[in-house]
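Chemist: Below, each chain spelled out in residue letters.
There are 2 protein chains.
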Amino acid sequence: MIKAQDLSEFHQTPNPSQSRAVQMTETVSACSFIYTDWALIETQFDPAQLHHKETVFTIGNGYLGSRGSFEEGYPRAVAATLIHGVFDDVPVVYTELANCPDWLPLMITFNGERFRLDQGEILAYERRLDLRSGLLSRAVRWRSPSGSKVDLNFERFASLADEHALGVRCQISSLDFEGLVEVQASLNGYSENKGFNHWEQVSQGKADPGIWLQVRTRNSRIELGMAARLTVSEAESAIEVSNVPGYPTQTTTVQLSPGQSVTVDKVVTVFTSRQVPDPIQAAQTKLAELPAYPDLFKANERAWEETWRKSDVVIEGDISAQLAIRYNLFQLIICAPRHDEQVSIAAKTLSGFGYRGHVFWDTEIFILPFFIYSQPALARNMLTYRYHTLDGARRKAKDSGYKGAMFAWESADTGDEVTPRWALPTDPYGADIRIWCRDREIHISADVAYAIWRYWQVTRDDAWMRDYGAEIILDTAVFWISRVELNTKDERYEIRDVIGADEYHEHDIHNNAFTNRMVQWHLEKAILVYDWLHAHFPENAAQLEEKLQLTSKQRSRWQDIVNNLWIPYDSKTGLIEQFDGFFNLEDIDLREYDSRTQSMQDILGMEGASKRQVLKQPDVLMLLYLMRESQEFPYSLETLKKNWNYYAPRTDITYGSSLGPAMHAILAADLDLSEEAYERFMQAAMVDLENVRGNADSGIHAASCGGLWQALVFGFGGVQLTQDGPIATPHLPPKWNRLKFKLYWRGDWHEFDLRADAKPPAL
Amino acid sequence: MIKAQDLSEFHQTPNPSQSRAVQMTETVSACSFIYTDWALIETQFDPAQLHHKETVFTIGNGYLGSRGSFEEGYPRAVAATLIHGVFDDVPVVYTELANCPDWLPLMITFNGERFRLDQGEILAYERRLDLRSGLLSRAVRWRSPSGSKVDLNFERFASLADEHALGVRCQISSLDFEGLVEVQASLNGYSENKGFNHWEQVSQGKADPGIWLQVRTRNSRIELGMAARLTVSEAESAIEVSNVPGYPTQTTTVQLSPGQSVTVDKVVTVFTSRQVPDPIQAAQTKLAELPAYPDLFKANERAWEETWRKSDVVIEGDISAQLAIRYNLFQLIICAPRHDEQVSIAAKTLSGFGYRGHVFWDTEIFILPFFIYSQPALARNMLTYRYHTLDGARRKAKDSGYKGAMFAWESADTGDEVTPRWALPTDPYGADIRIWCRDREIHISADVAYAIWRYWQVTRDDAWMRDYGAEIILDTAVFWISRVELNTKDERYEIRDVIGADEYHEHDIHNNAFTNRMVQWHLEKAILVYDWLHAHFPENAAQLEEKLQLTSKQRSRWQDIVNNLWIPYDSKTGLIEQFDGFFNLEDIDLREYDSRTQSMQDILGMEGASKRQVLKQPDVLMLLYLMRESQEFPYSLETLKKNWNYYAPRTDITYGSSLGPAMHAILAADLDLSEEAYERFMQAAMVDLENVRGNADSGIHAASCGGLWQALVFGFGGVQLTQDGPIATPHLPPKWNRLKFKLYWRGDWHEFDLRADAKPPAL
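Protein chains in written order, with the working numbering: chain A, 1 to 763; chain B, 1 to 763.
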C-alpha cells in the first residue's frame with residue numbers, strides 16, 4: 001500500500017510548458033474529436049451530431065450552463081441557458097428548469113449574406129473546448145453563397161470569477177471580401193424548452209451603452225434581468241439599438257477589405273430575483289461596471305487555475321482517459337452551485353432538458369464524493385439544499401401516509417415529489433405507462449443520509465452536522481419507523497413494495513437487499529448522530545427533539561429495527577439475494593444477446609425483463625460498493641467476489657442504466673479484473689463525448705461523471721479510509737504510467753502520485 | 001300557423017338607411033358594451049377583462065380566426081391566429097391547432113415613447129366590432145408618460161372575399177405632439193399556445209416591397225408562409241427592413257406636428273402547405289398582386305353583404321337580443337370553412353385555445369342546422385370532413401375491439417380519437433382524473449348520422465349522399481352491430497357502459513335513453529339509405545358493399561336491433577328514464593342551491609353528483625328536441641311536457657354545460673313557457689358577450705351560438721318541417737315586435753316575417 005503524501009507544496013501551479021508539450025505530442029482522435037491533455041477539439045462539423053455536440057460543448061460557471069449551440073443559430077438547434085433554481089410549472093412533470101433568454105446571438109452579414117453553416121461552404125472548421133480555462137472557441141473559414149471568403153473566430157466563456165458575467169467575441173477577417181459587414185448582437189427572449197417558452201416579456205430597452213431585457217416566468221414568477229454591450233475594436237463604427245419585442249439588438253456596420261479584420265466583443269450580465277430584489281437593475285449596474293472582454297477573461301482564467309489546483313487528476317500514458325477524466329470533472333465543476341445552498345446538481349446538470357433539471361440520488365451517491373474530497377464547501381451547499389427541501393419531504397411523507405421526512409425521488413425547488421406519474425404516448429391508442437419510482441424507489445432517503453455521513457466523516461464539519469445534517473438524518477429515520485413493517489410470523493422487520501437500485505423490477509419487490517441494508521445502516525448512523533448531538537450539543541438536541549417530536553422511544557425503535565431488519569444474506573453461500581424470490585426468477589444468459597444495440601427491457605418488454613434475473617444496474621453490487629469505503633457489512637473481498645460472479649454477468653451494463661459502468665469499474669478493479677475495469681471505466685468516460693448510449697443530446701450524464709472520479713480514486717487508486725486518513729492500493733490499467741490526484745481529509749490535503757512501476761505490496 | 005313566404009324579392013339588399021336609423025336611436029349598454037343593431041361597442045378598457053374581450057373581438061374569414069388582442073401588445077395578452085387544419089402534436093391531448101405567426105404587430109413610438117395602454121393615460125377609448133363588414137376598430141386618445149396627446153385609430157379585418165388577405169390600418173394624429181413618430185410593422189414568428197411555440201423558423205427576408213416569414217410546425221411539418229407590406233399615406237417616408245430572427249419588421253419614421261395626421265396600412269397574406277406546395281412563394285405572389293387597403297376592404301364588405309343576405313336574422317323590440325343573435329351568427333360564419341372540406345368547426349371555433357381546436361358533437365347537433373338551412377354548401381364541407389376522417393374512426397373502432405367506424409369524441413385532422421385520457425393536476429399530490437368520454441360517449445357516431453340525414457332532407461343533395469353520406473351512415477351502423485349487446489334473458493338489445501349527453505353520470509351507465517334511441521334512429525335511417533342506394537345507384541351500392549364488407553345479413557341485423565333495442569320509456573307515465581336506475585338515485589332540489597356560483601359537480605364532487613338525479617345538461621330532453629323536428633318517437637307535446645316537468649328542474653342549467661340553455665329555450669317555447677324560454681335564450685346569447693360562465697377567455701362557445709339560432713327558429717319561430725316545407729308556430733317573447741329570418745329548403749328560400757300582433761291560431 002502506498003501512503004498518501006501530505007504535500008505542503010501542493011498549492012504550486014502545475015508547470016504549463018510541460019503540460020503544453022504533452023498536448024502537442026500526444027493526441028488521439030475519435031468521433032471527429034481530437035483529445036489532447038487539456039483540450040477537446042472537433043475538426044469537422046456534422047449536422048447529424050448537432051444536438052450531441054451542443055451538449056458536449058456546454059460551458060458554465062456553477063450559476064448557469066449554456067449548451068454549445070452556435071452564435072448565429074442553426075436550423076432545429078437546441079440552444080439552452082439554464083440557471084440553477086429557475087424552475088417553472090409544466091404539465092405532467094410538474095416543474096422544470098426554464099430555458100433562460102439566450103445571451104449568445106451574434107448575426108454576421110456580409111453584403112446582405114448572413115453567415116450560417118447550412119448555407120455557403122465550410123472551407124475549414126475547428127471547435128475547441130479548453131478545459132483549463134473554460135473557453136469555447138470556433139474557427140470557421142467560410143465561403144458565402146455568392147463566393148466571398150472570410151474567416152470567423154468565435155469564442156465564449158461564462159466567468160468562473162463572477163457568475164453574473166459572460167463574454168462572446170468574434171474576430172471577422174476578410175480573405176477576399178470587400179464590402180459591408182453587419183453585426184447584430186441580441187438577447188433572445190424567446191428561448192424555449194422544446195417549444196415551451198416559460199417567460200413573459202416584462203420590459204426591454206437601451207442600456208448606456210447596450211441593451212437590456214426583463215422577463216418573468218409564467219407561474220413561479222421569477223424575474224430575470226439580462227443586459228449586454230457590444231463593442232467593436234479596430235474600427236470606428238456607430239452602434240444602433242433596435243427594440244423588436246423580446247429581442248433587443250445592437251447593430252453595427254463595418255467596411256471590410258481583403259486582409260482586414262474586425263473584432264466584436266459582447267459582454268453580458270444576468271441576475272434573477274432569486275439573488276436580488278431588482279434583477280434588471282442589478283444587470284445594468286454590473287454591465288456598467290464590467291471590464292472589457294480581455295480583462296473579464298483574465299479573471300475567469302485565474303478562477304479556473306485555482307479550481308483545478310484542487311480538483312485536477314493526472315493520467316499519464318493514456319491521453320483519451322486523461323482528457324476524458326478532465327472533461328467529466330469540468331462538466332461537474334461548471335454545474336456545482338458555488339454561492340447557493342437552495343439548489344443542487346440535476347441528473348443532466350445544466351446542459352440539457354433531460355429529466356427537467358430534477359435532482360435524483362445521482363447527486364448524493366455518484367456526484368458528491370468528488371466534491372466532498374476536493375471542494376467540500378460545494379458539497380456542503382448541495383447537502384444544505386436537502387435541508388431546505390425537508391418541508392417538501394415532510395409533505396411527501398404525509399401525503400403517502402407516513403411520518404417524518406421522505407425525500408422525493410425527483411426533487412426540484414421545494415423538495416416536493418415531482419416524478420411524473422405517467423409516461424404518456426403520442427399515439428392516441430398507445431398505453432399510458434405508470435411510473436412507480438415516486439411511490440416505491442424509497443432508498444433515496446437513506447442515500448441522502450449516506451452522503452451526509454460521508455461528508456461529516458471527511459470534513460469533521462460538526463457545526464454543519466449540528467445545524468443541518470442531524471435534522472435530515474433524524475427526520476428521515478423517523479420516516480423509516482413508519483415505513484418498515486413488522487412480520488410477526490418471522491419475527492423480523494421487512495420493507496415491502498419497493499424499487500431497489502435496479503429498476504427492471506418494479507412490482508411486488510419485497511426486502512430488496514440494497515434498500516433494507518441502507519435503511520439499517522441509516523438507522524445505525526441515526527443513533528450515533530442522536531447520541532453525539534446529546535453528548536456535545538445538548539441544547540440543540542433538545543430543540544431538535546421538540547421540533548421532530550423525538551423521544552428516547554424512537555431511539556429504541558431504531559435500535560430494534562437495526563437488530564431485526566431482514567437482510568437476505570446467506571452466510572453459507574455468501575450470496576445476497578437481490579429481493580425476496582429473485583433467485584426463483586427465470587435465468588438469462590446475456591451472452592446470447594451480445595450483438596444487441598438496445599436495453600434488455602426494450603428487447604424483453606417491461607414485463608419480460610421483470611420476470612427474469614436481469615438487472616438494469618448494480619443493486620447488490622451497488623450495496624457492496626457503498627459498504628466498501630468503511631468496510632462494513634456485508635462488504636468483504638470474498639463476498640464481493642461471490643456476488644460479482646453472480647450479478648455482474650446478469651447486469652445490462654451496456655444499455656441499462658448509465659449509472660452502472662463506473663460502479664462495475666470500481667469493483668472489477670478491486671477484484672483485479674484489470675481489463676474489465678478499464679473497459680467499464682472508458683464506457684463511463686465516453687458516455688457523453690462519444691455518445692455511447694445515443695442520448696447525449698438531452699444532457700450530460702452527471703452521475704457517470706461522478707462515478708468516473710470514484711472509479712479512478714477508489715477503483716484504480718484503490719483508496720480506502722483509515723483512522724489515519726486515506727490510503728491507496730493501486731490497480732492501474734496496463735497502459736497507465738502514472739495516476740495523480742489529491743484528496744481533502746479532515747483539514748489536510750493528501751496527494752496521491754501512483755506509478756505503474758511502484759508495485760503495490762501483496763495484500 | 002303562418003306559412004312561410006316564398007319570396008322572390010328576397011335577394012334585395014336591406015335598406016341601409018333604415019337600419020342605420022335603428023342603430024342611432026336604440027342602444028343598450030351592459031358589461032361596458034353598447035349594443036346597437038349591427039355594432040358591438042366597448043367604451044372603456046378594463047385590463048381585468050383583457051382575455052374575455054380578446055375572445056369577444058375575434059375576427060375571421062372561414063380560413064383563419066384572430067383574437068382581438070391589441071396591435072401594440074399588452075402584458076400577458078393572449079394573442080392568437082388559428083388557421084383551420086394547422087394541427088401539431090402536443091403532450092396529453094395529442095394534437096392542437098397551432099397558434100400561427102401573429103400578423104397584427106404595429107408598434108408606434110412617439111419621440112422614443114412607445115404607445116402602450118399600460119403606460120401613459122387613456123383619455124378616450126372606443127372599440128367597435130362592425131358585424132355587417134367584419135371590421136374591428138379602436139379609437140384611443142392617449143397621453144404619453146411625458147405628456148404628449150395623440151389620437152390613434154386602428155382598424156383591422158380578415159377578408160371574407162379573399163381568405164388569404166388581411167389588413168391593418170392605423171391613423172395617427174397629433175393633438176399637441178411635435179416630433180418623430182416611428183412605426184414598426186412586424187410578423188411575429190414567436191406566437192404560442194399558452195407558452196408552447198409550435199413553429200420552427202425556416203427562413204425570412206425582404207419582399208419587394210415588404211417582408212416575409214417562413215415557418216414549419218415541429219411535428220406535423222406543415223409549412224406556413226406569411227408576407228406583409230407597410231405603406232404610409234400623407235407623408236413621404238423611407239421604409240426600412242430589419243430581420244431579427246423570427247420577427248421580420250418594416251420601420252418608418254414620420255415627422256408629426258399638432259393637427260397633423262398620418263395613416264399607415266399593413267396588408268398581409270398567408271398560405272400554408274395544406275393549400276399550396278410552396279406557401280411562402282404563394283404569399284409573396286399574392287402580396288405583390290394585392291390592391292391597396294381601401295380596395296381590399298371594399299371587396300370584403302361586398303362578400304359580407306352577400307353572406308348576411310342569406311343568414312341575417314331581424315329582431316325588433318329587443319336591441320340586446322338583436323345584436324346578440326347577429327354576434328353569435330357572426331362568430332359562426334367567421335369560423336366556417338368555405339373552401340376546405342378536410343376541416344370543421346371546433347368547440348371553441350378559431351377564437352381560443354379551449355379544447356385545442358378539437359371537433360365534438362357540438363358541430364353536428366348544435367352548429368350545423370344554421371348552415372344547413374342558410375348556407376348548405378358550408379354545411380356540406382363540414383360533413384365531408386367527417387367522410388375524410390372515416391379512416392380514423394375505423395382505427396378507433398378497431399382499437400376498441402369493434403367493427404366499422406366509431407367516430408372520435410374529440411376529432412382533429414385524422415379523425416383518430418384525441419380526447420385526453422387524463423386531467424393531470426399541477427399539485428404533485430393531487431389525483432389524476434381519468435377522462436372517460438373517449439371510451440364511453442359513443443353517441444357521437446349517431447349524432448353525425450343525424451346531421452347527415454338532416455342535411456339530406458333539407459337539401460336533397462343525392463349526389464353527396466351517394467358519394468359521401470351513405471358510407472358514413474352505413475359504416476357507423478356496422479359499428480353499432482358490434483357495440484350493442486344482446487340480453488338473452490330479457491330478449492332485448494342493450495347498450496351498456498356509456499356516457500349519455502349528461503356528463504355528470506359516467507360510471508355503470510347502461511341503456512341511456514338518449515344513446516339507445518339515437519342508435520335505433522340511426523339504424524332505421526341506415527336501412528332507408530341502404531335501400532335507397534340500391535334502388536337508385538346500384539353500382540355505387542355494390543362498390544360500397546364490397547368496401548365495407550356489407551351484405552344483406554347486416555341489413556337484417558340492423559332491423560333486428562331496431563325492433564329489439566331497449567328504450568326505457570314508460571308508456572303509462574310517459575316518463576323516459578335517463579338510464580337504467582336513474583330514478584333510484586338520490587333526488588335533489590336545485591332550488592336549495594339557488595345562490596350558487598359553481599356547477600353542481602363542483603359543489604357535490606364528481607362522485608356526489610353521479611349519485612344524484614342532477615344533470616349537467618339535457619339528456620332525455622335533448623332526445624325529445626332531436627325527435628321533434630320530424631315528430632318521431634318518443635316526441636309528442638304530451639311526452640315533452642311530462643319529461644320537461646321531471647328533468648328541467650333537475651338540470652344544472654346555469655353552471656352545467658353551456659350546451660343546455662339554448663335547448664331548454666326551444667322546449668320552453670314549445671311549451672309556451674315564455675318567460676323561461678326568454679331567460680334561457682338570453683343566457684345562451686350572452687355566454688360570451690357577458691362572460692356569463694366566466695370562461696369566455698378560452699374561446700367562443702360555438703355550440704351555444706348554433707343552439708341560439710335553433711332556439712330562434714325552432715323555439716320562438718316554432719318552425720316544423722312538413723312535406724310542403726317548413727311552417728312556423730311562433731311563440732315570440734313579450735317584448736319582441738318582429739322576428740324575421742329565412743330558411744333554405746330543397747332549392748327554395750322561405751322567408752319568415754313573424755309579428756307579435758299576428759296572433760297565431762289556436763293549436
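The reader is advised that the hints may include incorrect statements.
It does not matter which identical chain is used: a pair holds within one copy or between any two.
Said to hold, decoys possible - Straight-line Cα separation of at most 25 Å, DMTMM-like style, residue types lysine to aspartate or glutamate; simulated pairs:
| id | residue 1 | residue 2 |
| --- | --- | --- |
| 1 | Lys398 | Glu546 |
| 2 | Lys642 | Asp672 |
| 3 | Lys403 | Asp427 |
| 4 | Lys547 | Asp208 |
| 5 | Lys149 | Asp432 |
| 6 | Lys206 | Glu240 |
| 7 | Lys286 | Glu485 |
| 8 | Lys740 | Glu178 |
| 9 | Lys611 | Asp697 |
| 10 | Lys206 | Glu121 |
| 11 | Lys403 | Asp432 |
| 12 | Lys641 | Glu586 |
The hints are simulated quantities; they were obtained by calculation from the structure and are not laboratory data.
Chemist: So which of those numbered hints doesn't the model satisfy?
Modeler: Numbers 4, 5, 7, 8 and 9 - these are the hints that the structure violates, sorted from lowest upward.
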